[in-house]
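Novice: Here the structure of chain A is known, so what remains is to put chain B in place on it, guided by the hints.
2 protein chains.
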Amino acid sequence: MKLTFRPYTLQLKEQFTLATSSRNTTPAILVEIEQDGVIGYGEASLPPYLKDTQESVSRFLSNLNLQQFCYSHTLDEVLDHLLKESRDDSAAKAAVDIALHDLYGKQHNVALHKLWNCNLSAIPPTSYTIGIASEEDIRRKTRDADQFKLLKVKLGRDTDKMIINTIRSVTDKPLCVDVNQGWTDKHHALDMLQWCHEQGVVFAEQPMPAEMKNEIAWLTERSPIPVIADEAFQRLSDLDEMAGIYSGINIKLMKCEGLGQALKIIQEARKKSMKILLGCMTETSCAISAASQISSLVDWTDLDGALLISNDCFDGAKLSDGRIVPPDRPGIGVLPI
Amino acid sequence: MKLTFRPYTLQLKEQFTLATSSRNTTPAILVEIEQDGVIGYGEASLPPYLKDTQESVSRFLSNLNLQQFCYSHTLDEVLDHLLKESRDDSAAKAAVDIALHDLYGKQHNVALHKLWNCNLSAIPPTSYTIGIASEEDIRRKTRDADQFKLLKVKLGRDTDKMIINTIRSVTDKPLCVDVNQGWTDKHHALDMLQWCHEQGVVFAEQPMPAEMKNEIAWLTERSPIPVIADEAFQRLSDLDEMAGIYSGINIKLMKCEGLGQALKIIQEARKKSMKILLGCMTETSCAISAASQISSLVDWTDLDGALLISNDCFDGAKLSDGRIVPPDRPGIGVLPI
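From first to last, the protein sequence lines are chains A and B.
Under the numbering used here, the first residue of the first sequence carries the number 1120, and numbering increases by one thereafter.
Under the numbering used here, the first residue of the second sequence carries the number 1120, and numbering increases by one thereafter.
Bound conformation, chain A alone (with noise of 0.2 Å):
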């Protein structure tokens, strides 16, 4: 097996402003791996606020050894070296698990999320996301987003309920809302999901900063809405202390390593009857297309990210119905552009 990768840098449609920053580009690296002419795709996102960054995941990358791998090993001794290579660089394993994972395809002949069963009318729709904006930009944003079944919403300014009520002037779909840790003070985060839940909010991601566990806790019992953790969890090893705290998880491929880790939180977050999210950074339809293999294995998915970015260089998973759903294709699916 032959690895090489190249930096991209994904442009943004439209400026991305989230609870604590605003940003245009965000960085990312693309991996190709090859066994004898067959090349599997992957991609690492690395937003700013993650620990990777295209320096870390290229020296990751440059020390990874896969030559020594051939066709006597399997997949899983592959996936369990690139685990062990170093404690993190978990965007950098998600690009090479998903190579991996794509090349393992192709080579079988068979889509992934048929590999694993994965019941494609079952994949729930995505949310798309109307960033924090004027009112006047919000009704727009809402209006476009007509192809949308579920819209989700930045919150955690003094903004919120202007947003929410500005979009419910449009429309009364469904939304949910990601409050980044925007809220400190339990009291509000709680009259706030009362509020967000009287408006037809179906689930919170992070409402509060990650380290306040004792209030997070407090908080989901009272809520009337699952309270989802999307910046205090990571992966499976955080699986565990999420239980008690959170209602569900927002797993993410570049947070958690990768798809073979992505289907293992699932199966523990199950038995501990979680609900499960499935997000995306801005991503490429590499990325995207590889999340949607296992999209119908969870309660809700938020797999706007390719749709977001202006120079996509993957055809991949498409928008349909409202649901991203995997081409019907060997592997991830994808075809470079």
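Errors might be hidden in some of the hints.
If several chains are the same, the list does not tell them apart, and a pair holds so long as it fits within one copy or across any two.
[What the hints assert, rightly or not] For lysine-lysine, the following DSS-like pairs were computed, each having C-alpha atoms within a straight-line distance of at most 25 Å: (1) K1390 with K1292; (2) K1260 with K1280; (3) K1268 with K1332; (4) K1390 with K1437; (5) K1391 with K1292; (6) K1132 with K1268; (7) K1390 with K1305; (8) K1268 with K1390; (9) K1292 with K1332; (10) K1394 with K1383; (11) K1233 with K1390; (12) K1390 with K1225; (13) K1268 with K1391; (14) K1383 with K1233.
Just so you know, the hints here were simulated from the structure itself, not pulled from any lab data.
Specialist: Relative to the frame of chain A, chain B by itself:
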């Protein structure tokens, strides 16, 4: 692909007594599917309370044409053809599904549990059934079950409390109860479930007749322990109805048409926040090893079926630390003895 089959009679080590019948043998059909010298093994176990018989399975298998399938067909396509062959014949389909999955795993040199990213360390302990018997026999059987961490008791007669009290005089291990539709008064059933809960019973299977849907829904709402559908639940198409009546379901490969459908049922049941028990009939280590491939995905297992027969003709999944653990071999991992 070439399919062959033969009848086989499973000899039970001890007479098997349910609320409604007793027996010493279970009819079965053993299946082989061969492609270029590689053989996949499957099994249909046919206890008398299933619709399928050795005759109906033989008829189904004789009519099934797998010769039309070659390497250019995906496993998915063959399974699809299998399921559409008839409306019923769930055990016959399970036998073919198991053999096809075994063949696939061997052809790709991968154990199915690895293909499906299952975490073997998450396999729950199997229950071991203490049959309806005299007090002395129950004490002996309970003491003999020292390798097991969860004991299952068949209730539904006038001896219910005696049985549990007798077991409790020997051990404080967790118990589960299978009433096999034996209670018909919902108030009595609730009293019993509350009493069972106090005795350390962790779930109850089919406390009342499957057709008493309103009464079971009433019971489930009030029960201190999960109420699991067994006789009421056969396959994927039954799942929607179960969600409003029971806390969870008992999935058995022989009922649900095999591994492919079992995986789909698990995925859908989890979205409905339902509990899952993975059960079995009396079966050889062939069908038990197949079930063990997915056992890490469920809350409880009841996979003692091969331990109850004296003429097991496969080496396969083994009891280890109270759990039925799949072999570390490709496919379902069995070797004919």
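Novice: At most 25 Å between CA atoms: does that hold for K1390 and K1225 within a copy, between copies, both, or neither?
Specialist: Neither: 32 Å inside a copy, 30 Å across copies.
Novice: Are the CA atoms of K1260 and K1280 at most 25 Å apart within a copy, between copies, both, or neither?
Specialist: For K1260 and K1280, only the intra-copy Cα distance (17 Å) is at most 25 Å; the inter-copy one is 65 Å.
Novice: Reference check for the pair K1268 and K1390, CA-CA at most 25 Å: within, between, both, or neither?
Specialist: between (28 Å within a copy, 19 Å between copies)
Novice: Checking an output row: K1390 and K1305, CA cutoff 25 Å. Within, between, both or neither?
Specialist: Close neither inside one copy (28 Å) nor across copies (29 Å); limit 25 Å.
Novice: Go through the copies and call it for K1292 and K1332: within, between, both or neither, with a Cα cutoff of 25 Å.
Specialist: Close neither inside one copy (31 Å) nor across copies (34 Å); limit 25 Å.
Novice: Measure nothing new, just compare the shortest in-copy and cross-copy C-alpha distances for K1390 and K1437 to 25 Å and report within, between, both or neither.
Specialist: between (31 Å within a copy, 23 Å between copies)
Novice: Using 25 Å as the alpha carbon limit, work out where K1391 and K1292 are close: within a copy, between copies, both or neither.
Specialist: between (30 Å within a copy, 22 Å between copies)
Novice: Have a look at K1394 and K1383 and pick one of within, between, both or neither, based on CA distance no larger than 25 Å.
Specialist: both (15 Å within a copy, 18 Å between copies)
Novice: With identical chains, the pair K1268 and K1332 could be close in the same copy or across copies; at 25 Å between alpha carbons, which is it: within, between, both, or neither?
Specialist: neither (32 Å within a copy, 34 Å between copies)
Novice: Evaluate K1383 and K1233 at a C-alpha cut-off of 25 Å and name the case that applies: within, between, both or neither.
Specialist: Intra 17 Å, inter 11 Å, cutoff 25 Å: intra and inter.
Novice: 25 Å Cα cut-off: does K1132 pair with K1268 within a copy, between copies, both or neither?
Specialist: Classified as within; 21 Å inside a copy, 57 Å across copies.
Novice: How would you classify K1268 and K1391 at a CA-CA limit of 25 Å: within, between, both, or neither?
Specialist: between (28 Å within a copy, 20 Å between copies)
Figure legend: structure checked against the earlier numbered hints; hints not met, in rising order: 3, 7, 9, 12.
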